[in-house]
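S.K.: As given, the protein sequences belong to chains W and F, one line each in that order.
Each residue of the first sequence is one higher than the one before, counting from 1196 in my numbering.
Each residue of the second sequence is one higher than the one before, counting from 1196 in my numbering.
Everything labelled a hint here was simulated from the structure, so no lab data went into it.
Take the hints with a grain of salt, since some may be wrong.
Copies of one chain are not kept apart here, so a pair can be met inside one copy or by any two copies together.
Derived DSS-like pairs (lysine-lysine); straight-line CA-CA distance at most 25 Å [unchecked claim]:
# : residue 1 : residue 2
1 : Lys1273   : Lys1209
2 : Lys1296   : Lys1273
3 : Lys1489   : Lys1472
4 : Lys1331   : Lys1404
5 : Lys1226   : Lys1273
There are 2 protein chains.
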Amino acid sequence: MPPSGGKEVRMIDKLNEYAHLVIEVGLNVQKGQEVVINSPVDCAFFARLCARAAYDVGARRVHMQWRDDEISREYWLKAEDTVFDEVLPWDVERNLTLAKKNAAFLNISASNPENLKGVDPKRLERASKANNQANKEYYTMLMNSDFPWCVASIPIPSWAMKVFPGVPEEEAMDKLWNAIFDAVRIENCGGAVDRWRKHCAFLDEKSKKLNELNFKSLHYTNSIGTDLTIELPEGHVWGAGSEFSKTGIEFVANMPTEEVFTAPKRDGVNGKVVATKPLVIDGNIVKDFYMIFKDGKIVKAHAEEGEEYLLNAIKEDENACMLGEVALVQYDSPISNSGILFYNTLFDENASCHLAFGAAYPSCLKGGTELSEEELLAKGINCSTQHCDFMVGSKDLSIIGTTHDGKNIPVFVDGNFAL
Amino acid sequence: MPPSGGKEVRMIDKLNEYAHLVIEVGLNVQKGQEVVINSPVDCAFFARLCARAAYDVGARRVHMQWRDDEISREYWLKAEDTVFDEVLPWDVERNLTLAKKNAAFLNISASNPENLKGVDPKRLERASKANNQANKEYYTMLMNSDFPWCVASIPIPSWAMKVFPGVPEEEAMDKLWNAIFDAVRIENCGGAVDRWRKHCAFLDEKSKKLNELNFKSLHYTNSIGTDLTIELPEGHVWGAGSEFSKTGIEFVANMPTEEVFTAPKRDGVNGKVVATKPLVIDGNIVKDFYMIFKDGKIVKAHAEEGEEYLLNAIKEDENACMLGEVALVQYDSPISNSGILFYNTLFDENASCHLAFGAAYPSCLKGGTELSEEELLAKGINCSTQHCDFMVGSKDLSIIGTTHDGKNIPVFVDGNFAL
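The shape of chain W in the complex, shown without the other chains (with noise of 0.2 Å):
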């Protein structure tokens, strides 16, 4: 619910233009494109300003697909245990079928980040199993960007009482608004096309800095005891960002993005890495944890809160187990200034360099959206189910760039770039 009171007229132009960059900046929709909005039933406000906004710039035609953590809750705990195997089939179509029309698909994230605490794992698994596989294709359009897609938040209170405990709802939620706000560079006077705009193009000289100096890897430490050596496969290329959907249409996947990243040599990832961060894992809080990897596989990990969640994901498919992410965020930006652990990885991720276990984007290789699952495997580029982000970024963080002659370059020192 947005805040009411005396601030309602100034919260409605703001909601607009955050509805609107969303749709112009994060999709880019095109006059003509079908859109389909992924929504929470609580932000349906915020839902019906981007469809407005969608259709404003000439969409064909908006699909809406709500969601709701609380009947979710319902049926992850109460549905007959034989659903969780199953696919529904007509989900699968919609999906896919929309997906290959090149519509332009936006997520509304807003979760209770414990919504699905005292679920049975199991069932989380098996479900996942059979979603993602079901699923396969639409997933391997979306990571190699052949439609345009966005996943932006706006507060629903339980997820801001977790943010912000101990403090009444009403000002829980005005402090995540104005959190997010503040993140999306949404300000009280218009303009922030023309912002996002200008921080696009500063993050795209940071990737182009990173793409000239073609380390051969990077080696992460700090005083916590990450001790990690990531090679960078032949060819890699560093994003950040907007980035173009196979139709050429130049869209912005997360909304805040603050990182650089490109795909790590899946068989090249040694040593340890410790979380910085909690990360919530289907409805579930994983905290504390840390991996060992030895040849690009998680030969061990271990969480003081959530384990089983964090080894579920692991093991989600055979390479679920190797890295997919390698992403860079100074420890002075922002969102890490914020000070705020949002339990939400569209911002957590963007507070701190992170990893993800699981498929690589194949825009992060040369050429790579051409090549099958099999051809970028071969050249060192993880393919999976899954992707999962996890923060790794501390205020000591040091990482020494190798060169493929032998130079060792300081790429970030005390938790921010050094380039």
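Here the structure of chain W is known, so what remains is to put chain F in place on it, guided by the hints.
M.R.: Coordinates of chain F only, in the frame set by chain W:
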């Protein structure tokens, strides 16, 4: 939104009782059965209670189908013109697959009665035709009671403000909540399930009497111009209250329900009938209308307001211009006595004798659910993708029944049952 403040505790009890009533008496959900809940996003708090109630009685899985007035309106006004001849195949597949699995379908009916005011009627007509054609098998199963289904309502502000104009939104919502609770027999002390069982038994008595009399025809007259003769087909059956699905599950298709109904002989309707309440068709109000019938067909229809929506509905297919339902409701009945015009057929038809143009319920003919469309038509039972109820009851309505041996028996005198 449920009324808040001091009434909250009692309100949540009433809402829970209502949800259980709808699930246990309306749908009569069985252990292991799938359930579909079709709900506006603004009614999520009640849909959640219904989902929970369904799981409480052992539903295998609850499928949510959400919709939203505001986004619908955007769609009808702004989507590309070509979409209105299209049907989304995944929607068709979902309904048909679940119907064939004998799922129970709940529709939470709550809409702004004028939601589609200003929409091009041609769009509504085209979409309705495309939709009815694609979903024909599903609609036939529904009219045949192959699976249990139920329509029930809760207030939303746009609707409440139309029913109670000129009062503040909160008061209008309170009034509509109270009117609906009265209509569905939710009091302050529990016991609604028992009250419903008794009510269904009472309606059953009336239908038994009418079945014994086995009228050849009914003659409607009143002082505002109605003078209509409706022949009843051989083997017609009056139904009321609950009915049985093909798999033997007793369910109540409408909550509230006050009617006793049967099918007319489709080519045996002659004369003029004047509507006594407005009607909402496709999100538009149709007001002050009459129809003239000749040998079953509507040969003239005129409305002072919204005539085009009425005419569209009547010509939806070749049989939409013939009657499919004759229903008797006392003028002196609870909903009618409330004096409220609900602008929602679920309530208004249960406050008044009504007719429907379009499809008949095959269960209104002995053995009718086993017959094909051709066989039903041959026996005088109308088949159509349309089924539109309209109200004809008035304080001075007279209905004389004529038996097969020529006796004239008053069925209604001064708007009420005379049997």
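S.K.: So, against the hints stated earlier in the document, which numbers end up violated here?
M.R.: 4
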